[in-house]
Amino acid sequence: MSVVSKRLLGSLALAMVMALPALSQEAKVGNLTGHAESGKKLYRRYCKGCHGPLGDGNGENAAWIDPKPRDFVAATFKCRSTPTGTLPTDQDLYDSVSRGFTNSNMPHWDSLPPQNRIDLVAYLKAFSPRWQSEKPGDPIKVPAESAVTAQSVAHGGELFQKMECWKCHGQQGRGDGPSAATLTDSKDQPIRPYNFADAGNDARFKCGSSNEDLYRIFMTGLDGTPMPSFADVIQPNDAWDLVHYLRTLQIHRHSKENEVSKGSGTKAPAPGSEKPTGGN
Amino acid sequence: MPLHPGGSKRTKAGRLLPKSVFLITLFLSLFVSFTSQPGYAIPAFARKYGLPCSACHIGWPLLNNFGIAFKDNGYQLMNDKDSPIYQNPAYFPITFRVTPQWHLENNNKVAVDQTGTEQSVTTHGFDLSGLDIWTAGTLYKNISFQVLPSMGEGDTFHFESAWVRFDNLLNSPWLNVKVGKFELDNLLSEKRFLTLSGVGGAWFNYHFLPQGDFNGFGGIGDNQLGVELSGHNRNSYSRYSIALLSSVDGNPGLTTAGAGNTSRTYDAYVNVNQGFAVKGLGVQRIGAYAYVGQSPTYFLTSGDVPIQAKGNRSFSRVGAYGWWFIKDLDVETFYMHGQDNVYLGNSIAANDPAGLPAGAAGPSWNGGFVEAHYTVNPQFIFTGRYELVHMSRQANPDLAATPNLGNVDSFTIGYRWYPIMLSRAGLAFHNEYSQSKMGNLAPLSGTDVLNRSLMIGFDFDY
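In order, the protein sequence lines correspond to chains A and B.
For the first sequence, the residue numbers in the working numbering are 4 to 283.
For the second sequence, the residue numbers in the working numbering are 3 to 464.
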C-alpha cells in the first residue's frame with residue numbers, strides 16, 4: 004500500500020472515530036447520573052429513526068418531518084435556561100426529553116424511567132465535540148414573578164410594540180407578522196413564529212408551559228431560530244410584564260392575565276396597526 | 003327450551019364418551035382458530051409519526067412503556083399535531099398483517115376410526131395464518147378509533163374490533179370513554195404477545211372453560227361489546243378501566259351463546275394497575291382485575307327460534323398480575339381464579355333444577371402463567387412461557403374419577419428476529435415450539451392428552 008493510500012486510510016479511520024459518540028460522556032440531574040454507554044441502546048430504539056445514527060438529524064424519517072429533528076452534532080439547542088450561544092444544562096436536556104416539543108414529532112418521553120432519560124441525555128451529548136471543549140452556561144436568574152395587574156399587562160403591551168415582537172408574531176400574536184413568511188432557522192428551513200392565539204387551555208410552548216418557562220424563552224432566546232434573546236434589552240422585572248401581556252394573547256386560555264385584562268378593558272392592538280390603540 | 007336437551011351420556015366410570023369427542027374437537031378447533039389471533043402492531047402509526055417500531059414495542063407487537071402511554075392517549079403523541087388534518091392527505095391509517103408459515107401439529111391420543119384405538123396423529127405443511135386488515139388512529143384531536151376486520155384460516159371476515167373513543171374528556175387523561183367492540187383493558191395483552199403457534203397462540207387462562215360447561219363467555223381474551231371508561235396519569239404508570247359489556251362475548255346481533263337476537267343482560271370488567279420505576283431495573287407494574295357476568299341457560303322461543311335469553315346465571319374471573327423488568331429481561335406473571343354457576347357448569351337449564359346431578363356444584367379453577375422475554379436488541383427477542391390451569395372443583399361429582407379433567411399444563415419457547423426495523427413496515431422471522439397436556443381428555447382411555455406445535459414463519463405487516 005502506498006504512503007498516500009495509508010495516509011488516506013488513516014484519515015478516514017480518524018474521521019470515522021471522531022464521528023462516533025464519546026461513550027464516556029456523562030450527564031447529571033439531581034441524584035441521577037446518566038452514562039452514554041447505557042444511552043446508546045436506548046437511542047437506537049427510540050431516537051435513531053428521526054435524529055439519525057450519527058445524531059445529525061438525518062434519520063430515515065427526517066425528510067418527512069417538519070420541524071426537522073434536532074442536530075446533536077451542531078449542539079444548538081432551543082430550550083435552555085442558559086444565555087444565548089451557550090450550551091444547555093443537563094437539566095435542560097432532561098426536561099426537553101421528558102416534555103417533548105409541541106407542534107412537532109418529538110414525543111414526551113416521560114413514560115421512560117428517569118434513568119433511561121438521563122442515559123439518553125448523556126448519549127446525545129456525546130455526538131458533539133462542543134461538550135468536550137465548553138461548559139454549559141450558567142442558568143439565568145429568574146426573579147420572583149410580579150403581581151398580575153392591569154398596569155403590568157399594559158406595560159407588557161408597550162414592550163411588545165417597542166421590541167417589535169409584532170413583526171414576527173403579529174399584532175394579535177397569531178404568528179402572522181409582516182416578517183413571518185420570510186423566517187428560516189439555522190438550517191435554512193422555513194419556520195413559523197409561535198401563534199399565541201392558537202393555544203388552548205394547556206397553552207404549551209416549545210419549551211414549557213408555565214409563566215417562568217415563557218420568561219426564560221425570550222430572555223435566553225431559542226437558539227437556531229430567529230427568536231433572539233432579549234436579556235440585553237429588557238430589565239428582569241419588566242420581563243414579567245411582557246409575560247403577562249403575552250398571556251393575554253392566548254385568548255382561548257382561562258388565565259389570571261385574561262381575567263385582569265378583560266376586567267380592565269385592556270385590549271390588544273387592532274390588526275395591522277403598528278401602535279397600540281387603547282387600554283394603555 | 004333447554005340449551006342442551008340431551009344431557010350427556012356416561013359410562014359406568016362416569017366418563018363422558020360421545021360428548022368428550024365433541025368437546026375435545028371443539029376445544030382443539032377453538033385453539034387452532036386462536037393461532038390466527040389478531041396481533042396489534044401498526045406500521046401506520048410509525049409512518050404517521052416518523053418513529054420506528056421499536057419506539058412503541060419491546061419487539062412488535064409487544065408494547066413497551068412508551069407504547070402503552072401512546073395507546074392510552076388514544077394513539078396520540080399529544081403534541082397538537084395528532085388530528086388527521088395535519089397529515090399529508092395521502093396518508094391512510096391502514097395496516098395489514100399475515101404470517102405465512104410452516105407448522106407441525108401433533109396430538110398423541112386421537113381416536114382413530116379405522117383402528118378403534120387411540121393413536122398419535124401428526125400433520126404438517128405450509129400454511130397461512132389469518133389476515134388482519136387494521137385501521138386505527140384519530141378522527142380528530144382526542145377522538146380515536148379502531149376498526150379491525152379479521153379473517154381466520156379459511157374463514158370469513160368478522161369484526162375483531164370496531165370502536166370510537168373520546169379521549170382526555172374535560173382535558174383530563176383520567177377520563178376516556180370507548181364505545182364499540184374492543185379488547186378488554188388487559189395490561190398483559192393477548193393481542194400483543196409474541197407467540198403464534200397452534201398450541202401457544204393463546205393464553206389458556208384467557209379462554210378456559212371447564213369440560214361440560216356451556217357458558218357462552220369465551221374468556222377475558224375475547225373482545226367484547228360495550229362501553230369502557232378508562233384513565234391514566236400522564237406517563238401511564240397509574241391506570242384504571244371500568245367496562246359495561248353486553249353478555250354476548252363480543253358477538254354482534256345481540257347473540258348470546260350462539261343464539262342471535264336474544265341478549266338482555268350485561269357483564270362488568272374492572273382493571274387497575276400501577277407502575278413504579280426501580281432504579282437500574284426499569285418500570286415494574288402490578289395490577290388486579292375482575293370480570294363478573296351472567297350467561298343464559300335456556301331461551302324462550304317462537305316457532306323454535308330463540309327469541310330471548312333466559313335463566314341467566316353468574317360467573318366470574320378475578321385475579322392479579324405483574325410485569326417485571328430487570329434491564330433487558332421482562333417477566334409477566336398472571337393469576338386467575340374462575341368460577342361458574344352450577345347450572346352453567348353442568349349444562350343444565352336453570353328452570354330444570356331436577357336435571358342437576360346429585361352433589362352438583364359450580365366449577366372453579368385456578369390458573370396462571372409466567373412468561374419471560376429476553377431482548378437481545380430491538381431486533382431479536384427470546385420468549386418462554388409456562389402456563390397452567392387446574393380445576394379446584396369439578397361441576398359434577400361423577401367426575402371424581404377424573405379430577406384432572408380439563409386441566410392444562412403448557413409451555414412455549416421461541417424467538418423472533420426482525421431483520422428490518424423501519425418506520426414503514428415490519429417483518430419477523432418467527433420460530434416457536436409449544437406443547438400442552440390436557441388432563442383426562444383422551445377420548446377412549448380418559449388419560450392425559452399431549453398436543454404439540456412447531457412453527458416457523460414470517461410474520462409481516464405493512
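Heads up, a few of these hints could be off.
Unchecked claim - So the derived label-pair ranges between C-beta atoms look like this:
#1 A/K165 to B/F98: 56 to 64 Å
#2 B/Q276 to A/G203: 28 to 36 Å
#3 A/E215 to B/Q276: 49 to 57 Å
#4 B/G282 to A/E167: 46 to 54 Å
#5 A/T36 to B/F382: 27 to 35 Å
#6 A/Q192 to B/I422: 36 to 44 Å
#7 A/K170 to B/P254: 39 to 47 Å
#8 A/S182 to B/I288: 50 to 58 Å
#9 A/L35 to B/I422: 57 to 65 Å
Calculated from the structure, these hints are not laboratory results.
None of the values given here were measured: they were computed from a predicted structure.
Here a beta-carbon is modelled for each residue, glycine too, at the ideal position from N, C-alpha and C.
I'd like to know which numbered hints this structure contradicts. Please list them from smallest to largest. 3, 6, 7 and 9
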